[in-house]
Amino acid sequence: MNDLPVLSILIALPLVGALVTPFLPAATARLVGLGFAGAALVWAVVAALTSYTLDGGMQLTETHAWVEALGVHYALGVDGLGLLMVLLTVVLVPIVLVASWHEADAPGNGGSRSFVAWVLALEAMSLAVFTATDVFLFYVVFEATLIPAYFLIGGFGRAGRGRAATKFLIYQLAGGLVMLASVIGLYVVSADSGNPSFLLTDLAALDIDPVTQRWIFLGFFIAFAIKAPMFPVHTWLADTTERTTTGTSVLLVCVLDKIGTFGMLRFCLGLLPDASQWATPVVVVLALISIVYGALVAIGQDDVLRLIGLTSLSHFGFIVLGIFVFSTQGGSGAILYMVNHGIATAALFLVAGYLVQRRGTASIKAMGGGVEKSAPVLAGAFLIAGLAACGLPGLSPFVSEMLVLIAAFQHAWWVGAIAVTAIVLAAIYVLWLYQRTMTGPDVVEIADLDRREVGTLAPLLLALVLFGFAPMPLLDVINPNVEDTLAEVGVTDEPPTVPAADHAASDEAAGAAGSQGGHE
Amino acid sequence: MNEFIKPTVEYFELWPLLVVFGVACVGVMLEAFAPRSVRYLAQVLLTVGGLVAALVGVVLIAQDTDVHQDGVARGVLAMSGTIAVDGPTLFIWGLVLLLAIAGTLLFAERHLDGGVSAFAGQAAALPGTEAEREASTKGLDHTEVYPLLMFAVFGMMLFPAANDLLTMFVGLEVLSLPLYLLCGLARRRRLLSQEAALKYFLLGAFSSGFFLYGVALVYGYAGSMQFAAINEAVRNDTGNTALLLVGVGLLSVGLFFKVGAAPFQAWTPDVYQGAPTPVTAFMAAGTKVAAFGALLRLFYVAFGADRWSWQPMMWVIAILTMMVGAVLAITQTDVKRLLAYSSVAHTGFLLTGVLGVQQSSALAEGEISALQAVLFYLATYGFATLGAFAVVSLVRDSGGEATALSRWAGLGKESPVVAGVFAFFLLAMAGIPLTSGFVGKLAVFSVALAAGAWPVVIAAVLASVIAAFLYVRVIKAMYFDEPVGEGPTVAYPSVLTATTIALGAAVTLMLGILPGPLLDLAALAGEFIR
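So the protein sequences, as listed, match chains A and B. Each residue of the first sequence is one higher than the one before, starting from 1 at the first, in this note's numbering. Each residue of the second sequence is one higher than the one before, starting from 1 at the first, in this note's numbering.
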């Protein structure tokens, strides 16, 4: 398998599916689309099990010259972070396809053929984003994901989705174009040093002067902050999740938004370490605002889908916080959180989508509660997914949240103290949501989840429990990657403090390590 | 007084110019002597044949040019140094000829409007009179448009090749006059069309005056019309610098008018809207290519040594143009006007590339040069624009083309293919990756940033965001809005328009995925020779 272009085939599988399905009748299109998504899943899992070595850094690499006049390469590769994101994507796409089996053909929607085709196109582009090791290629596919996402939002969902799609696209394009300036900046820096190139390895070897780094960092960070999303550029998120189908929301929030935090790790930290450290105070504050603000606003929502969208704002705050505190716990926690958030939020969105379909409204008030009695399985699944989202021990997000919080306390006590309030707030929005929608007297008799729906939720809920008790397989993949990244930034964890020593205040040591690290 | 020396004419190198001019003259003869029934076919064949012959000539010349300084530049100075047939000239000639061939196909389209072309049956008949109705019922057709097109193409080829100020002025006029006429020849909405022609003519004549004044002042400074001599004078800093600066400014006014840069863009929307759509398509693409070719040569060859003087001016103009184009485009409710303002914004992006010129020693091995970037951008812009206007000519209602944006709502359901192709062109103009527009934008932004023009690049990014909103708005209208009333209908074109649209889309896609060959070709074209 070593000679095969593993990653190219992985990207090509859904892409071919996207090209084929529009020409098939709707029922066949769904099956064929699912077949391609399943093939990608199998291919990715087999590749991960047979060809991936845990400490191997960037691997399964392919490099071909693409546009020589600009120093552009078609270069792919995965490291631990990329692998997990790839696996998350290939797992979620078949689930989304099955979960949206009949939804796209509902009156007013664009039909299954185009839904399946756009989903597969989105999968192919996302896989390319997570495996690109050339900044130009990354930018190309980063922007290309927007087109299928735009048509998924605009073509399927509730009234007002056209407007939501436009808002989504404008926000993302704005971020993308700002990033374009930075991408060009990197190119110019590499050209000035005599070797115009977009290859990640070439760019990482550059010695960029601090002021230039800061400008380039700014462009990248704004784009990734919009993508992730972070306060104050998050406003597209809730509008989008409110209007579109939950299947699309899963892809957007659980896969596409990960590109934001993925990009922060790979580009901001990997290529611009000095500027990343320079920006840390601001980024940490923004992350904290996102955490608390997202949770507070989520509590006040009346629309279930808006509410879930806003919880993600809070969760992405945690991820960004973990990335920018520069420690192994923080980094590992952030990457683990990216995976766990993907699973938990996907489950939450899907089950909420089933509920909304049955009740015909997404308004919590209008639903009036009482689902528990007539649809206990639905209510149970909702509870597990919700508790996972608020970080209940025993479910996987707990582990990652814990790691990030520990790292936050090590970074500075007040950072940890503010972040930890989100746990309380999360409990409020989840449990209150559960109470208002599920408990109480039976208002309307609704059907419980059928086998197809249970089938889509079961793997996600299983994964939540499994990784909640045994996160080590994931951490084994993550840890080498975090160490590599932090080594590039030039940060090492402070040595463990001896309990008896009274002079070593750990937060001061962390601050000192952070500020000196860049000059080593 | 020097003795008169008979100039040598490099017939081989000038072959494309000569054949285009010759075919135009033959076309005039044909109008005079051929019977009406055969004119259409004869003119179309003659025009396409002439353009193809010229294109073949360009390819042959390109393979057999003198190379200077190890491939840094290539070509000859023909006609005693008045016409420079060098790499960039050949690139632009090739591009103009390709766009002209595609434009001719649009001119020849007769399927869309019930068997007649988009041009007035009889231009001399006043709108709304008996004579007009008579011409219309007889099914008359103006076949003079083909020789006019060829004269315009001749001007478009002479303009960027001109190596002295007078030849450049002649090229400018030869390019403009036929276009003024063509703009007034629309079959439908004739008053609007004639108004556009008059406006274009008056403003164009005015700007030509500026250009000519600039020529005079620069001559007063340098004592020569030749670009090489002007360059020499600028280097030696002889003469009155005030004359030079004012002269450069006035020359710029003339050129900025032609390319539609702010604050000289006011004619663009009116003319683009009023002119028959095939003319708009051809003019929007061809004029911009030719005028930018001339602009590049004038500023790089004649005033290249003085670029510290004109670069700041260009910065301001570029930023202004992008902003004006993008912001005003948002307020438009007519597709043709919208595309016109978008073309103004593109002028700004092109200027961003123009001002990114650096000394070749400042460029790293393999780094993209400003000339290369602008030439590439011109190709991407030309084909996307031509294709987009060709699509506009397909969407019709009972009154002819339905250009109001509100009439385009729901086009995605009516005709997914047409809407899809138009959306693709819009995405290319917005600079979305995997389309040619993205690579073009990347190229011009790169050279500008490399030359230190970061404020311009930041403004360009902002303008791109604003422009993106407007393109997305059109896509949303086509796909996600409910049609108003009966909704738009899409006329099925003959193979002519279909070919043009397919060519535009194919080039836009190809240059987006594999821009390498064309970038290499632009690099191979090298620098201007003096």
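Hints may be right or wrong, so weigh each one.
[Claimed, not checked] Cβ-Cβ distance ranges computed for the label pairs, FRET-style:
| id | chain 1 | residue 1 | chain 2 | residue 2 | range |
| --- | --- | --- | --- | --- | --- |
| 1 | B | Ala205 | A | Pro210 | 22 to 30 Å |
| 2 | A | Pro107 | B | Leu191 | 18 to 26 Å |
| 3 | A | His102 | B | Leu509 | 41 to 49 Å |
| 4 | B | Ser360 | A | Gln59 | 38 to 46 Å |
| 5 | A | Thr28 | B | Gly366 | 33 to 41 Å |
| 6 | B | Asp334 | A | Val16 | 28 to 36 Å |
| 7 | A | His64 | B | Ala362 | 26 to 34 Å |
| 8 | A | Val16 | B | Ala205 | 22 to 30 Å |
| 9 | A | Val16 | B | Asp64 | 30 to 38 Å |
| 10 | B | Asp113 | A | Thr28 | 37 to 45 Å |
| 11 | B | Val72 | A | Pro232 | 37 to 45 Å |
| 12 | A | Val16 | B | Glu134 | 31 to 39 Å |
[Unchecked claim] Straight-line Cα separation of at most 27 Å, DSS-like style, residue types lysine-lysine; simulated pairs:
| id | chain 1 | residue 1 | chain 2 | residue 2 |
| --- | --- | --- | --- | --- |
| 13 | A | Lys167 | B | Lys476 |
| 14 | A | Lys167 | B | Lys6 |
| 15 | B | Lys476 | B | Lys413 |
What the hints contain is simulated information worked out from the structure, not anything from laboratory work. Yeah, the Cβ is synthetic: ideal placement off N, Cα and C, and Gly gets one too.
We went through each hint and held it up to the structure:
Distance hint check: the CB atoms of B/Ala205 and A/Pro210 are about 55 Å apart, inconsistent with the given range 22 to 30 Å. Distance hint check: the CB atoms of A/Pro107 and B/Leu191 are about 46 Å apart, inconsistent with the given range 18 to 26 Å. Taken as a hint, the range 41 to 49 Å is violated for the pair A/His102 and B/Leu509, whose Cβ atoms sit roughly 34 Å apart. Restraint check, B/Ser360 to A/Gln59: a C-beta distance of roughly 41 Å satisfies the suggested window 38 to 46 Å.
Taking 33 to 41 Å as the suggested C-beta distance range, the pair A/Thr28 and B/Gly366 does not conform, at roughly 49 Å. The beta-carbon spacing between B/Asp334 and A/Val16, approximately 40 Å, falls outside the hinted interval of 28 to 36 Å. A hinted range of 26 to 34 Å holds for the C-beta pair A/His64 and B/Ala362, which are about 30 Å apart. Hint check: A/Val16 to B/Ala205, Cβ distance near 57 Å, so the stated range 22 to 30 Å is violated.
Remark: the range hint 30 to 38 Å for A/Val16 to B/Asp64 is contradicted by a beta-carbon distance near 45 Å. Look at B/Asp113 against A/Thr28: about 41 Å separates their beta carbons, and that is inside 37 to 45 Å. In this structure, B/Val72 and A/Pro232 break the distance hint of 37 to 45 Å, their C-beta atoms being roughly 51 Å apart. Taken as a hint, the range 31 to 39 Å is violated for the pair A/Val16 and B/Glu134, whose Cβ atoms sit roughly 59 Å apart.
The straight-line distance between the Cα atoms of A/Lys167 and B/Lys476 is roughly 11 Å, inside the 27 Å bound, and the hint therefore holds. For the suggested pair A/Lys167 and B/Lys6, the alpha carbons sit about 67 Å apart, so the restraint of at most 27 Å is broken. For the given pair, B/Lys476 sits about 12 Å from B/Lys413 by alpha-carbon distance, which is consistent with the 27 Å threshold.
When the structure is compared with the earlier hints, violations turn up for hints 1, 2, 3, 5, 6, 8, 9, 11, 12 and 14 and for no others.
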